[in-house]
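Using the hints, position chain D against chain V.
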Amino acid sequence: MSAPELAGGEGAVERCLALSRADGCLVVVRESSSANLRWAGNTLTTNGVVKGRSVSVISVVGEAVGVRSASVLDDLESLVRASEQAARDAAPAEDFSPLVDGQAQPDFSTPAEQTSPSVFAGLATDLGGAFRAARTDGVQLYGYASHDVTTTWLGSSTGLRRRHSQPTGYVELTGKSSGGSSWVGQHTRDWSDLSVPVLDAEVRRRLGWGARQCSLPAGRYETLLPPSAVADLMAYAYWTAAGRDAAEGRTVFSRAGGGTRVGEHLGPSGLRMWSDPADPALATTPFVVTTASSAMSSVFDNGLPLPATDWVSDGALSALVQTRSTAAATGSAVTPYVSNLSLDGAGTATTDEMVASTERGLLLTCLWYIREVDPQTLLLTGLTRDGVYLVEDGTVVGAVNNFRWNESPIGLLGRLSEVGRSTACLPREWSDDFTWARMPTLRVPDFNMSSVSQAS
Amino acid sequence: MSAPVDPAFLALPMREAAAAALQAATDAGASHADVRVERLRHQDLTMRNSRLEHLSDSTTIGLAVRVVHDGTWGFASGPDVSVAEAVRLAGAAVEVARTSRPLNVEPVELADEPVYDDVTWVSAYDLDPFDVDPADKTALFAEWSEALLASDDVDHVDVSLLQALDGKFYADTAGTTTTQQRVRVQPRLTATRVDPGGGFETMRTNAMPAGRGWEYLTGSTFDWAGELARMPELLAEKAKASSVEPGRYDLVVDPTNLWLTIHESIGHATELDRALGYEAAYAGTSFATLDQLGTLRYGSPVMQVTGDRTVPHGLATIGWDDEGVQTQEWDIVRDGVLVGYQLDRRMARQNAAALGVSRSNGCAFADSPGHVPVQRMANVNLQPAAADPSTEDLIGRVERGIYVVGDKSWSIDMQRYNFQFTGQRFYEIKDGRLVGQLRDVAYQATTTQFWGSMEAVGGPQTYLLGGAFNCGKAQPGQIAAVSHGCPSALFRGVSILNTAREGGR
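For the record, the sequence lines run as chains V and D.
With the first letter of the first sequence counted as 1, position 171 gets the number 171 in my numbering; the numbers rise by one all the way through.
With the first letter of the second sequence counted as 1, position 162 gets the number 162 in my numbering; the numbers rise by one all the way through.
Just chain V, same shape as in the assembly (with noise of 0.2 angstroms):
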């Protein structure tokens, strides 16, 4: 049962086309390696070392298509015909477009790139320390850390050869105390850019704003909502955002009477939501991968140039995902899901500074639990997490109690007061999924708490 020769994500790729009778092949091999640490109350508590793989062979018989996909690399060719048979057996498909044309990259053949817990190495020492101190000052910390990196190979019978590895870690950190709940997260590719004091110092900072701590009613507040919840909400936004849905009328992107909200201003002039998988700070697989056509992607797209997308542009939609197959549909253009995400309304202000203009208002730390309640609106429901800081005259002046707030990201748009300055940040709730985000601080003059939350 052991890999045979042929292991490595190219050589699988190969022996999967070659075998291939049908019409056409795709072949998607996923290799990932990856390591995590886990702790809570200043103790380790689990962690792990772990290589994933699966091999997906998506075969094109006529206009029908069929997919599977399995772990092991010792049974190709029955995985093959699965997938033929499938592709005999089904309907043509709605989304069926030639594949995509292409040539092998010169990186093709490179063995998949592994990780192991020796990344933690400089990590684990520093934790060490901050458990330490934590223990001293009646502190505890709560975290994770992870890094995983995946190399996809895509290989046709058009001849389109690509790899990417993509590297994706993180860390959070939570701490606890007497000033009540604070977190910070941090993405990064390498490790080099990642510092546990810098990330404790900034725990402790807010512990530190939760000496003096106060109760506020259910209400709409002036609330600024950091890099982290902004990434939080536009994610959930961006995953609504399929042209196809919008088109037949069931989003909050479709507009009444017909069509879709595309040219309509949704937010200030300035503001731009995009997405690039070349971004340095967010790099990204830059071409199509997918193993299940849905309406934000489509398996026949596999390969497809992801380039730089604007989704808002200049305060007004300016794009929905679209596959070929649905902007063929809809006269639109070719823009396929990308996965990262940035907003940026071109403000310069820190989170800080913004503190120090604000009167009297809320700042907010992260959001969690967030669920959709009405889809025509895009209203979202969840709670705030990890620290609330009522700010007065500038200045933070301690911390109050959790809502459970119910917000359209979309509506939120409409109401901006202030665009701070954009900055790479780990959307809290999705991180597991979606990692890669920049984000402005944002200031809503009315953000709706509808409830309090006794959780602390």
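Calculated directly from the structure, the hints in this document are not laboratory data.
Ideal placement from N, C-alpha and C gives every residue a C-beta, glycine not left out.
Be aware that one or more of the hints could be misleading.
With beta-carbon atoms standing in for the labels, derived distance ranges [claimed, not checked]:
1. Arg212/V with Gly71/D: 33 to 43 angstroms
2. Glu392/D with Ala256/V: 56 to 66 angstroms
3. Arg248/D with Gln85/V: 54 to 64 angstroms
4. Thr43/V with Ser151/D: 57 to 67 angstroms
5. Ala329/V with Glu143/D: 23 to 33 angstroms
6. Asp195/D with Asp314/V: 28 to 38 angstroms
7. Gly197/D with Pro445/V: 29 to 39 angstroms
8. Glu455/D with Thr348/V: 49 to 59 angstroms
9. Ala329/V with Gly219/D: 53 to 63 angstroms
10. Gly294/D with Thr348/V: 50 to 60 angstroms
11. Glu143/D with Gln103/V: 52 to 62 angstroms
12. Asp137/V with Gly71/D: 18 to 28 angstroms
Below, chain D without anything else, positioned relative to chain V:
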């Protein structure tokens, strides 16, 4: 009689690999080691307006080794099942434990458990969904979709079918060896009605995901014909219904909705790892802390809740957990008071005195070979009333209220206090009778106030096993399927929001 274990799973060299890993771990000084070999099959199907959107079919195989070395956990996993790989992973797991040791100040000890020598368990189902031709599946859903689309009140129909077949082999250094197989399905159809003047409304089938095979789609367990026949008219009525006036209402909550409120506000809140703070940085903690065991007034005296991993067709039902603990049923809330938690072997040992237990109740699970077992939720069930009142009886006791049917949106805070839920349908109750649907409804409450306001529960005739495939917890993130059995129930004076007004419409 249960189905046979999939021969393709049994053909993996799991016993040789497990023996080699356990030996290698022991030789390297591990005080405990366990090995899992898993083969997980998933087939997902989606359709859009009766046309296939995708049908994906995957098989994931893996080998996982977990050790306790010098009082510290170590875990390693990979996709190949062989003796050589097992030895390598055992070494890697011990190495992870060694490098983690300096950060660990709480030595790992596990509660005792009897040894189970080579036992086998297979869940209750008739027809393995992976033995059914996918063409037959798409044909059935296409027929149902077409029937819905034939109505003027339905513009779009979306189908989602999730199917899983889990093969799990477990062996540990104490001598327990288990081989298990589970099947589950989650079929859903959603109808959407688009108003030409703008706006839209949806309605989803209320068939609950279940630990059943393909017979769930073709047999009489769920009334598919009736559900689909009613949907267009119900959807049209919902789209034209009055928008709710916010305020306090009495609620009769149908089990198709109540299961999710139980999941969030009781199931997660009585996970001991949350109560102890292990999930503080991610899933969250719990207001129901261990020091309140036996005294916390969780709800009204009619509230009886059990944890259960044995009920047939339950999504969290299995014979043994991922620590070799035989599964059980036990009390969590008795007469409205907190009396129990969900445990794994480490927490059972560490907190034995406070819990008054000597063994785990079998709640350690990993969702895949690449993940470490963590405490996961049992089927947490609200018990019905023996006198067997009907849902109509409960509605009859309400002067001004709302009857809530079907689950939709859910959200609860990090300590399981404040929650907000919506549903598929809300019916206005006036003087003990339903008088038509309302729209834009959400109910919001605090856990103990909500359960404290529960005046009555329905009887066995109203009892239903609801559930979900997608319960998330832990880092790295894990997904688990879990069921919640419950009757209809009557709650007094619950806060109702108007979601259109919340959204500024």
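Tested hints:
1. Arg212/V with Gly71/D: 33 to 43 angstroms: Since the Cβ atoms of arginine 212/V and glycine 71/D sit about 41 angstroms apart, the hinted range of 33 to 43 angstroms holds.
2. Glu392/D with Ala256/V: 56 to 66 angstroms: Hint violated: Cβ distance 40 angstroms, outside 56 to 66 angstroms.
3. Arg248/D with Gln85/V: 54 to 64 angstroms: holds, 58 angstroms
4. Thr43/V with Ser151/D: 57 to 67 angstroms: holds, 59 angstroms
5. Ala329/V with Glu143/D: 23 to 33 angstroms: holds, 25 angstroms
6. Asp195/D with Asp314/V: 28 to 38 angstroms: holds, 31 angstroms
7. Gly197/D with Pro445/V: 29 to 39 angstroms: holds, 31 angstroms
8. Glu455/D with Thr348/V: 49 to 59 angstroms: Distance hint for glutamate 455/D, threonine 348/V holds at roughly 58 angstroms.
9. Ala329/V with Gly219/D: 53 to 63 angstroms: 39 angstroms Cβ-Cβ, so the 53 to 63 angstroms window is violated.
10. Gly294/D with Thr348/V: 50 to 60 angstroms: holds, 57 angstroms
11. Glu143/D with Gln103/V: 52 to 62 angstroms: Hint violated: Cβ distance 45 angstroms, outside 52 to 62 angstroms.
12. Asp137/V with Gly71/D: 18 to 28 angstroms: holds, 26 angstroms
In this structure, the hints that do not hold are numbers 2, 9 and 11, in rising order.
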